[in-house]
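Please take these sequences and the hints and turn them into a complete structure.
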Amino acid sequence: MKMNKLIVASALATLMGTTAFADGHADCGPAGQSIRILASDFPAIHAVADAAEEACAGAAGEFTRNHTTEARQIMNAALTPNPSEYTSVIVANSTLTQLMNDGLVRPLNDLIDAHGSNIPDNLKIVVDGNVMAIAFMANSQHLFSRSDILAEAGVDGVPATYDDVIAAAEAIRSAGIMEYPIVMNMQTGWNVGESFNLAFLAHGGQFFEPGTANPTVNSEAGVAALNTLKALTEYAHPDHLTQASNETQALWEAGEAALGIMWGSRGAAILDDEGSTEEVTSNTVLSAAPSVEAGGVPGATLWWDGFTIASNVSDDEAAATFAALASALNPEMVAANNDDAVWLLEGFTPGQAAEGVSATAAAGAAPYPMLPQIGLMHNALGAELADFLQGNESAEDALADVEAAYTTAAKEAGFLQ
Amino acid sequence: MKHRTFFWFILPTLSAMILFIALPIVSVFIQSLYVGHEQVLVVSESCGPFGCTETTSVDLEATEALREEAPLGRFNGAETYLNRSHLAFAEIGVAWAEAETWGSFWNDVRDLPFYRALAFTLTYTAVVTPFVLVLGLAIALGVNTLPRMLKGPSIFVSLLPFLVTPLVGSLILFWMVDGDGVIGATILYLFDDPNLSLKASATLTWTMLIIYGIWHTLPFSFITFYAGLQTVPSDTLEAAKIDGANKWQSMLYVVVPHLMPLVSFVTLMLLMDNFRVFEPIVSFKAEAHATSLSWIIYNDLRESGNPLYGSAGATSILTIIGVIILLTPVLIRTWRDFNRKAH
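Chains as they are written, first to last, in this note's numbering: chain W, 1 to 417; chain F, 1 to 343.
In short, the hints are calculated from the structure, not lab data. Any given hint could be a false lead.
What the hints assert, rightly or not - Okay, derived cross-link-like pairs now, DMTMM-like style, lysine to aspartate or glutamate, Cα gap no bigger than 20 Å in a straight line: (1) F:Lys247 <-> F:Asp235; (2) W:Lys411 <-> F:Glu38; (3) W:Lys411 <-> F:Glu79; (4) W:Lys411 <-> F:Glu64.
Right, here's the structure in full:
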């Protein structure tokens, strides 16, 4: 009986495999392999995994997916055993370094030769000559503005620089329209660290001495960045140190903010017809992140999301997983999910929700640094900047604290001696 | 009991305690003496959708070789305990030498993560513990005098805060104190100050966390004392009455002394629990104003990308030492009581 089921199942698998093949869609690599994907949990990632599953689950012996917002926390532990729990993790800039630090993802060069002829060069994340991940979508922070409120306050056009944003916020406040027109993700921890990064990069800051792990955030750019942040938060709700994406999006959708520096990936959710009023959605304008001077580097970090293949799996499983995911990156998948993300893939027609990210990238924003010790720096920033933002400490002291906290952690992790 | 019998009697408990309590603590202690391997960095070029940049990455083979050589990491002795993230004696020495007033010295010390956390942890423990003890006893006495019919429902209601998971309970309260929430909006209305925010002020955040702590642990002391009240001997109470003691006197001289062993027990439990305060800080997103020792451990292990096992281990050991110091007076008292009774 069991044997019969097995035969039927494999016959079915072969049949489905061949149909897919006959359609000319998918090269699914070695048949009968196990494909296990760990990924974050948002619509664009689901779209890619869905497409991979649809095309190649038939040919695979097993196709499982774990979508969780906690992916970052479990990925290193899950990939460490041999064979590892997953054959692929869908990562972003920062999580790729986290996996590479422990050698848990494999170079993809051979797999691209065998199964990835459709992948253009700009999607290959190359580190030291090896392709370590295949990117498929982009994200960054950028400016959200309410055109109706700006017009009511007498502000022309959309603010382009930090000074413009602050002037516009002042105009809105003095016109008596809103007391706190600005929203930003300033929650203590990762978010406030990231907000610092934005302003720091806009001011031309550099996190480390090139080629080393020695910190250089306590610099002119660092102080300027903190002063920019402080000036912006004067116009943000006093609770801003507890607000992250979910809260800022809610404030925006409730019509309680007029200028926002938020994630591009929230654009589609804000512009859709759920959770907000026509008045808010029809007047929300997405534009490039503000810069220090007009035409300068936008205060944003560019992020990509892409897939990797685990080191600790058999070559056949790696090939099958790679082929399945590579096959998902096709124009049909993009067309069907066009507004879910800013796709880096062929067939993408940028809609309104993508305008902010596109403009930010076009204006020359820097990618989030892919350095092995950046996580420690980000954590130190997240923990030590709150004192300055509450007015208990000078910018120089806060940055000295950041460097001291980072140095202590980096010594323990072995990046500094 | 003969020594031999006692040994066999205690053996299962003892071995479980060694296995599940003593050995993990020893392993955490050993871990805290080591730090991670040197990371061999190489400069390379990194390219992606947004262009190419020069970057550094970890030389895996070289780092792996170091790892093979010494699997535990590099021996660091007590250095981790003394660094800026923990006891920070060097930084305190500098602050002491440079500070002109107590205030500025205290400011420098509060800038160090361990002492910032310790300040909140101790304040929280010192305020929550007595409040919970006294209020718990008061509620137990109150419920005990209620008519039989009302006892069941009031016990159930008094236990409710305990039934709510800490994380969920604090999240609910967090939303209620929001400017748009029911408590937050009422406070704004009462004080007629639109800028008042419970989440933005350090003092109000501490108050909120402490009130939450009292609310959440009160049922534990209540139910323990209530159970104890059921064992108060009625003949002693009657004797006191005949001797002319009023209600207040018989409570003070009969009931409370009878409950003293329970008071010691509840104090021990509360001190230990409160010293480990953690969940409300995360759910109230209060890290800007209040951190605790447990929160530092969490932050070291979870938020930094590279888990800092040595640092987390050192904080754990320091927490254990803190608990021991706090519990010593209560333990000495219990030991004396025990000896007095034994003789």
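A quick look at each hint next to the structure:
no. : hint                  : in the structure
1   : F:Lys247 <-> F:Asp235 : holds (15 Å)
2   : W:Lys411 <-> F:Glu38  : holds (9 Å)
3   : W:Lys411 <-> F:Glu79  : holds (11 Å)
4   : W:Lys411 <-> F:Glu64  : holds (18 Å)
Every hint, counting from the list given before, is met by this structure.
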